[in-house]
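Trainee: For chain A, the structure is supplied; the task is to place chains B and C on it using the hints.
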Amino acid sequence: MGAKVSLIIFIMLLASCSAVKRRQYTPCKNLVLFFHDILYNGNNAANATSAIVAAPEGANLTKLASQFHFGNIVVFDDPITLDNNLHSKPVGRAQGFYIYDTKNTYTSWLGFTFALNSTEYQGTITFAGADPIMQKTRDISVTGGTGQFFMHRGIATIMTDSFEGEVYFRLRVDIKFYECW
Amino acid sequence: MGAKVSLIIFIMLLASCSAVKRRQYTPCKNLVLFFHDILYNGNNAANATSAIVAAPEGANLTKLASQFHFGNIVVFDDPITLDNNLHSKPVGRAQGFYIYDTKNTYTSWLGFTFALNSTEYQGTITFAGADPIMQKTRDISVTGGTGQFFMHRGIATIMTDSFEGEVYFRLRVDIKFYECW
Amino acid sequence: MGAKVSLIIFIMLLASCSAVKRRQYTPCKNLVLFFHDILYNGNNAANATSAIVAAPEGANLTKLASQFHFGNIVVFDDPITLDNNLHSKPVGRAQGFYIYDTKNTYTSWLGFTFALNSTEYQGTITFAGADPIMQKTRDISVTGGTGQFFMHRGIATIMTDSFEGEVYFRLRVDIKFYECW
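Chains as they are written, first to last, in the numbering used here: chain A, 1 to 181; chain B, 1 to 181; chain C, 1 to 181.
Okay, chain A solo, but in the shape it has when bound (with noise of 0.2 Å):
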């Protein structure tokens, strides 16, 4: 064996190298869950999983603002499920906030946790980003995660599944994790 051996040997191996540095561009773990927001709007305290608890001038707490709820801000610890159907048993739950933030359109800006707590899964995922809600897909950055998750990053793609006018709202996140630990 001479030096040219030894020199494809080093050109397989730092390419080998590489390919173990090279990103991945499937996900080394992905999950489809579902969570369910009901909005206080004054008379569903019983039932509502979130509220509003800032507005622009003018506005109240127990209507989402005019000018496409410009500056809403909700607060929300809603069930996940891990299908489309309210009623299914919870395996954790979604907690954070949303804002309204465009004067001419509806869009939002989401800041939240799975707080997950089931057999399927345990351990936290923690998401933050723009949702353009009118847009029928919108990705979102998962920014950290612990327990199962634990240092875990990637990216949600968020579905509106359904909504009943302004009462409720059904979101199917389906998250595809590309650093998975």
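Hint data in this document are derived by calculation from the structure and do not stem from the laboratory. Keep in mind that a hint or two might mislead.
The list cannot tell twin chains apart, which means a pair is met if one copy fits it or any two copies do.
Derived lysine-lysine pairs resembling DSS-like cross-links, with alpha carbons at most 25 Å apart [claimed, not checked]: (1) K89 / K103; (2) K89 / K29; (3) K176 / K29; (4) K63 / K103; (5) K176 / K136; (6) K89 / K176.
Mentor: Here is chains B and C on its own, set in the frame of chain A:
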């Protein structure tokens, strides 16, 4: 030296590359810090380090809301100390907000940054995540850092070290970085 | 070729693997963008791009609070431009919120996303961190990205490029990605 040895070298190197790639589950850096929150209650303007700035319908801004404070947003600028003494020399400020987000127990959601400025530490550490207050310890995500904590990521284990009614609490934050740069 | 050469190859390769693993301190991508914030003050509804939506006890929503605006939360949807001209064609929108969070100086905490939609850029970049406004430049964390910025992480250096009283300010954002995928 024949092909067999080459193969062994190849496998060893592949293994070592993988080892390099493999994530580490022992922190590459570890900090324990404390921060102190004194909530404004209408009478303590001089000492208060935080204030309720948003609340659901029917609540006010000098008293945490009923229903486990659901919907309150509190903005804070709290001193950070190396030990559990409120009067120790601060090494920086914990700045950001927390939200109370459950109707039937106490949980919060945190978005904040440690802005550290001392002989020991220079830089920022940003945190986000759900904080189920009633649990003895809870993990939130460290989503980024600057300065001495450039590009760091990790997990922070939070513990309520002390509290006095609804006016003062002190959190012990055990920050474990697993990605250090 | 003997064991000595094999050992040399082994060490070289180990070194190259480590080199691949070693973090880069030169950005893998760099963008400079500007965004423009016009705060609603009760009289500029048509032009305003942001609004105060939460404030501490005693403050109101058309005027920033006293005590260095401590406790104000502002929701924004600001145009992003490639240069410092407010009237340049926007390449996207900066959407999210900022909080004023110090009682004895001006500092804020930012949580927002650049939603970019132009021939140059398609995708989102999400930011979080403390912004000590009075410093000439300050670093915040880029915690995630989607689209063209899929899974990116980095640091953004923010500079107040211009301001007019409490109604208009323009930020220059120098985004340096160190993790690019």
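Trainee: Of the hints given before, which are not true for this structure?
Mentor: The structure breaks none of the hints.
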